[in-house]
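Student: Protein chains in written order, with the numbering used here: chain A, 82 to 198; chain B, 1365 to 1474; chain C, 427 to 754.
The set of hints was computed from the structure by calculation and includes no laboratory data. Virtual Cβ for every residue (Gly too), placed ideally from N, Cα, C. Worth double-checking, as some hints may not be accurate.
To be verified - On the chain B side, residues computed to face chain C include the following (Cβ under 8 Å):
#1 1448
#2 1452
#3 1454
#4 1455
#5 1459
Said to hold, decoys possible - Cut-off 20 Å, straight-line C-alpha distance, at most; resulting in silico cross-link-like pairs (EDC-like, lysine to aspartate or glutamate):
#6 1431/B / 505/C
#7 506/C / 144/A
#8 720/C / 532/C
#9 503/C / 192/A
#10 503/C / 197/A
#11 503/C / 144/A
#12 503/C / 135/A
#13 113/A / 553/C
#14 554/C / 183/A
#15 506/C / 83/A
#16 506/C / 197/A
#17 506/C / 195/A
#18 113/A / 513/C
#19 113/A / 195/A
#20 554/C / 144/A
#21 503/C / 183/A
#22 506/C / 184/A
#23 506/C / 135/A
#24 720/C / 197/A
#25 720/C / 505/C
As a plain string of letters, each chain reads:
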Amino acid sequence: MELLGIYHYWVFAILLMIGLYAVIVKLNLIKKLIGLSLFQSAVFLLYITMGKLEGGTAPIVTEANANGLFSNPLPQVLILTAIVVGISTMALGLGIVIRIKEEYGTIEEDEIQEIDK
Amino acid sequence: MELILNIASWILMTLGGVFIFVGGLGALRMPDLYTRMHAAGITDSIAPILIIPGIMLQAGLTLASVKLLAILVFLLLTGPTASNALASAALLAGNRSEQVKPTAVSESEE
Amino acid sequence: MTIIFGFFLLTLLLITAVAIVQSQNLFVSVMLSGMFSLLLAVNFFLLDAADVALTEAAVGAGISTVLLLSALAITAKHEKAPSSSREGALIIVIIATLVLIYATFDNPQFADPNAPVHQHVAPWYLDKTAEAIDIPNVVTAVLGSFRGYDTLGEVFVVFTAGIGVLFLLGTQPGPFAQSNPYKLTDPKGLRHYLIPRVVGRMLIPFILLFGLYVQFHGEYGPGGGFQAGALIAAAIILFALLEGEDSALKVIPRSVLIGLIAGGALLYGVVGLFGIFLGSNFLDYSVLSSNPVKGQQMGLLIIEAGVGITVTGVLLSIFHAFAARGKF
């Protein structure tokens, strides 16, 4: 179990950096937005990994399993909010990209900076 | 009885897995879009028919089996429809297959 | 056996992420990001987060892919190859990865019952839900009642995103609108595709029904307002794709959409204010009924409805804004 746990954290670190690389290096604005959503997904994975309890089940407490072990509900509440906020920011970001395309004619960052000079 | 149910569900799920592997292999190795979709269509149709009854045998006669049956019906409805929509869209976008030699009839239509 | 499955799914996540970033065709990136969301949802389910898995699958794999594709149809299909060298950024990113990996060795063991995260507040929530609110789904109880203020803030964030997109894009076609790119004889929707229309029309009532089921069943199983809002919006978006955006606007007109966006957030705020009017704190549902437990349950029901209404309205408005801009 320890190796699986470490692997979860390593996947989080690598996904985080892949998303960050996409945001920094890629010139296309939509690619940057997709990289940002990869970054967010890595953070979701970290939180939910930390919430898991050995031998626990999903935190739904019925009379049948009232005495069992439950995984932590608190990271799940945080990440539920975070997922919806992430899609909201992505939608707003896509609206801005569409307007940029209409005003500048391109969505590549270097061409936009050329036009702005 | 338990043993027979377990073995039957094990066989069904393994067969479903084999078909999914075949579908995936075909989607990689086929030369053309339409042949690739034909291979991937196996994953939509025969694989849920084998895997979901395998899981249903494990779940027994509970509410979970009814929900699994509903999922199976939904997958069987939407999978082939998605393949059809994809193929129609590809045809409409002008993606002609090199595997199909035009016959005399269609040449005279063009 | 779970170990092998867990390793396999996480490795697939990594491979998909690398493919998303590497691919130069934006359409491929968007499709792969939908696949990434679905894999992430399966991972969440394996980590016992059923609500989160449902939300990630509905919102990430469904709505996000549709929005990205609509934006892609208006903007670009391929990205330009980068001209300057990027080794500097790559080295910095690799060093940061190694530092993070070194830090993960200090993390608590996976699923350790003695980890600090399981010690303080979580057992209190698990016990208190049964006596104060008495619903099975603890996540909905914490989301709606114990941390209801944060969820109010989140509804306002969704509302802000909706009106932000409406400000940016409006309702008229933009300069890049092309009304008949493939020269179809009847260009509204997918009218000449028979099979998807027939099957889609058959499925839309069931998707709506399932959305309503998820909305009201959120207290007894995985579900709640956000997932239900995404599902109902997905059903209407499917209708808009099949029959044309004008038909979808006849089904739910723009005025109704604006009413939905504002009405859900207003409903949530009014329930909070009722707490003050009846003599207690803001967003205290215990005073909504003579029995505090029943009051809590009623409050949860109403605010989840408010959340679902706002999320439906916002996602539909955003889709219609993108679709009207490109007029496809």
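Student: Work down the list of hints and note, for each, if the structure agrees.
Tutor: We went through each hint and held it up to the structure:
With a cut of 8 Å, the hint placing residue 1448/B at the interface with chain C holds, because the nearest CB-to-CB distance is about 5 Å. Given the 8 Å rule on beta carbons, the hint for residue 1452/B holds: about 5 Å separates it from the nearest Cβ of chain C. At its closest, the beta carbon of residue 1454/B sits 12 Å from a beta carbon of chain C; the interface hint therefore is violated under the 8 Å criterion. With a least beta-carbon distance of about 11 Å to chain C, the hint placing residue 1455/B at the interface is violated under the 8 Å criterion.
Against a cut-off of 8 Å between C-beta atoms, the interface hint on residue 1459/B is violated, since the closest Cβ of chain C lies about 12 Å away. For the proposed pair residue 1431/B and residue 505/C, the alpha carbon gap of about 43 Å is over 20 Å, so the pair is violated. Restraint check: the Cα-Cα separation between residue 506/C and residue 144/A comes to about 58 Å, which exceeds 20 Å; the hinted pair is violated. A distance of roughly 45 Å separates the Cα atoms of residue 720/C and residue 532/C; the hinted pair therefore is violated under the 20 Å criterion.
Proximity of residue 503/C to residue 192/A is assessed by CA-CA distance (about 16 Å); at most 20 Å being required, the pair is judged to hold. For the proposed pair residue 503/C and residue 197/A, the alpha carbon gap of about 23 Å is over 20 Å, so the pair is violated. Distance check on the hinted pair: residue 503/C and residue 144/A sit about 54 Å apart at the alpha-carbon level, beyond 20 Å; violated. Restraint check for residue 503/C and residue 135/A: the C-alpha separation of about 46 Å exceeds 20 Å, so the hint is violated.
With a CA separation close to 43 Å, the supplied pair residue 113/A and residue 553/C exceeds the 20 Å bound. A hinted pair counts as satisfied when its Cα atoms are at most 20 Å apart, and residue 554/C with residue 183/A does not qualify at roughly 54 Å. Between residue 506/C and residue 83/A the alpha-carbon distance is near 43 Å, which puts this suggested pair outside the 20 Å criterion. Taking the CA atoms of residue 506/C and residue 197/A, the gap is near 19 Å; set against the 20 Å cutoff, the hint holds.
The suggested pairing of residue 506/C with residue 195/A holds, with an alpha-carbon distance near 15 Å, which does not exceed 20 Å. A C-alpha spacing of about 18 Å is found between residue 113/A and residue 513/C, which places the hinted pair at or below 20 Å, so the restraint holds. Restraint check for residue 113/A and residue 195/A: satisfied, since their Cα atoms lie roughly 19 Å apart, inside the 20 Å limit. Annotation: proposed proximity of residue 554/C to residue 144/A holds, straight-line Cα distance about 15 Å (limit 20 Å).
With a CA separation close to 15 Å, the supplied pair residue 503/C and residue 183/A stays within the 20 Å bound. A hinted pair counts as satisfied when its Cα atoms are at most 20 Å apart, and residue 506/C with residue 184/A qualifies at roughly 19 Å. A distance of roughly 47 Å separates the Cα atoms of residue 506/C and residue 135/A; the hinted pair therefore is violated under the 20 Å criterion. Straight-line distance between C-alpha atoms of residue 720/C and residue 197/A comes to about 60 Å, which puts the hinted pair past the 20 Å bound.
As the CA atoms of residue 720/C and residue 505/C are separated by approximately 56 Å, the hinted pair breaks the 20 Å bound.
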